[in-house]
Every structure is written in C-alpha cells, then in structure tokens.
Amino acid sequence: GGIITQTPKFLIGQEGQKLTLKCQQNFNHDTMYWYRQDSGKGLRLIYYSITENDLQKGDLSEGYDASREKKSSFSLTVTSAQKNEMAVFLCASTNTGNTEVFFGKGTRLTVV
Amino acid sequence: GDSVTQTEGLVTLTEGLPVMLNCTYQTIYSNPFLFWYVHYLNESPRLLLKSSTDNKRTEHQGFHATLHKSSSSFHLQKSSAQLSDSALYYCALSDRYGSSGNKLIFGIGTLLSVKP
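Respectively, the protein sequence lines represent chains Z and S. Sequential numbering of the first sequence, starting at 1, is according to the working numbering. Sequential numbering of the second sequence, starting at 1, is according to the working numbering.
If you're looking for bench data, these hints aren't it; they were derived computationally from the structure. Possibly wrong hints are sitting among the right ones.
[Stated by the list, open to error] Just so you have them, the derived chain S footprint on chain Z, three or more residues with Cβ under 8 Å: (1) 43–54; (2) 82–96; (3) 99–112.
[What the hints assert, rightly or not] With a straight-line Cα cutoff of 30 Å, these simulated DSS-like cross-link-like pairs (lysine-lysine) come out: (4) S/K50 / Z/K105; (5) S/K115 / Z/K57; (6) Z/K57 / S/K56; (7) Z/K57 / Z/K105; (8) Z/K22 / S/K103; (9) S/K69 / S/K56; (10) S/K103 / Z/K41; (11) Z/K41 / S/K115; (12) S/K103 / Z/K105; (13) Z/K71 / S/K50; (14) Z/K57 / Z/K83.
The beta-carbon is built from N, C-alpha and C at its ideal position, and this holds for glycine as well.
Work out the full structure: start from the sequences and follow the hints.
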C-alpha cells in the first residue's frame with residue numbers, strides 16, 4: 001500500500017503572508033489534487049495535475065498557486081493569506097483510469 | 001457546470017434505525033461515475049462506494065447505493081445505523097472515461113451522528 005504525506009499538519013500564518021503546503025505520495029499515481037474543506041461547503045477543488053508539470057484549475061483556484069515539480073509531489077501556495085482562509089487543505093491522488101482517489105490527512109491552516 | 005447536491009448539514013439518528021443520505025447530481029458527462037466517501041474524525045477521507053452502472057445496487061460495509069441516471073441520484077442507505085457510522089459523508093462525481101483528467105467534484109457533505 002501507499003501513503004500520502006502532507007506537511008505541515010498545522011500551519012499558522014499572518015494575514016497577507018505567502019504560505020506553502022506540501023504533499024508527497026508514494027503510490028506512483030499520475031493525478032494529484034488539492035481540495036479545501038470548509039464546514040458546510042464540502043470539498044472544493046483548488047488545483048489538480050494529471051502528470052508532472054501539468055496544472056489544471058479547479059473552481060477555487062483564485063488566490064492560490066500550485067506546482068507539480070515531480071510525479072510524487074504537489075505543492076500548494078496561498079499567495080496572500082486572508083482571515084477567511086482558515087480551513088483544512090486535503091491532498092489526494094489517483095491513477096488515470098483508476099476510480100479510487102486516496103487522501104492525505106490534511107493541513108489545518110489558521111490565519112491570525 | 002457539474003455539481004453534486006447532498007442532504008445538508010447534520011443528520012442525527014438513534015442506533016438501529018435506517019440511514020438514508022440523499023445525493024443528486026448534474027453533469028454533462030454521458031457516463032458519470034458516482035462515489036460515496038466517508039471521513040472519520042482524525043482520519044483521511046476514504047472510498048465507501050462507487051458506481052457507474054445504471055440501476056445496479058452496489059454494497060460495501062453494510063451500506064448500499066444504486067445509481068439512477070433517470071433521476072440523477074445516488075442515495076446512500078443502510079438498514080440499521082451503528083454508533084461507529086458517525087462520520088462525515090461526501091457524495092462525489094467524475095467522468096467515467098476520464099475526459100476531464102479524473103476531475104472529481106464533491107458535494108457539501110452530510111454529518112451523520114448516531115446516538116445510543
């Protein structure tokens with residue numbers, strides 16, 4: 001079996017700060033995702049990537065950048081943290097044609 | 001665009017009673033794939049059920065769901081709720097043939113709380 005590791009688990013930032021969240025997977029999956037989880041709003045897709053160096057915008061990409069430097073890693077940058085950014089960010093991965101998506105445990109972001 | 005609508009908010013049940021969490025969807029995909037994911041506290045969300053076959057019941061861990069393309073629905077059911085079923089449940093949608101690169105769209109989630 002594989003695992004998805006998200007770092008850090010908890011991230012505290014200041015309003016206006018640029019913050020980076022990291023995700024590593026050892027499934028050798030092609031596709032990776034970043035979702036934001038907010039109570040009452042579900043899991044909203046920020047960015048996804050179907051292969052190394054590919055980036056596809058989700059519905060919530062404004063205010064974020066992403067980078068897929070290699071197959072196993074996918075990072076997400078909050079370009080300017082806002083107080084309403086407090087949420088859990090979930091990284092996930094799957095293989096093309098494989099219908100099961102696997103998730104990491106999340107990074108909880110708090111902006112002060 | 002594509003969207004998923006679920007039973008909103010919190011569903012509270014007494015142990016032993018049946019569970020029904022609603023999920024409907026809108027999509028341009030001619031072959032949608034529907035999923036239920038479960039998210040227990042302090043764990044990662046994980047797949048509970050999936051289906052792309054119209055009118056065929058799929059089951060796992062006591063839960064079942066049937067994709068009905070005519071009504072665009074994929075409701076989650078269980079005959080008897082257990083305390084351990086308390087969790088956040090997400091319905092999700094993707095394209096069966098991956099034309100959008102495995103883009104997976106989730107509903108807002110339904111928090112199920114089972115009481116003794």
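Structure-based check of each hint:
| no. | hint | result |
| --- | --- | --- |
| 1 | 43–54 | holds (count 5) |
| 2 | 82–96 | holds (count 4) |
| 3 | 99–112 | holds (count 8) |
| 4 | S/K50 / Z/K105 | holds (21 Å) |
| 5 | S/K115 / Z/K57 | violated (41 Å) |
| 6 | Z/K57 / S/K56 | violated (33 Å) |
| 7 | Z/K57 / Z/K105 | holds (22 Å) |
| 8 | Z/K22 / S/K103 | holds (20 Å) |
| 9 | S/K69 / S/K56 | holds (11 Å) |
| 10 | S/K103 / Z/K41 | holds (18 Å) |
| 11 | Z/K41 / S/K115 | holds (25 Å) |
| 12 | S/K103 / Z/K105 | holds (20 Å) |
| 13 | Z/K71 / S/K50 | holds (26 Å) |
| 14 | Z/K57 / Z/K83 | holds (23 Å) |
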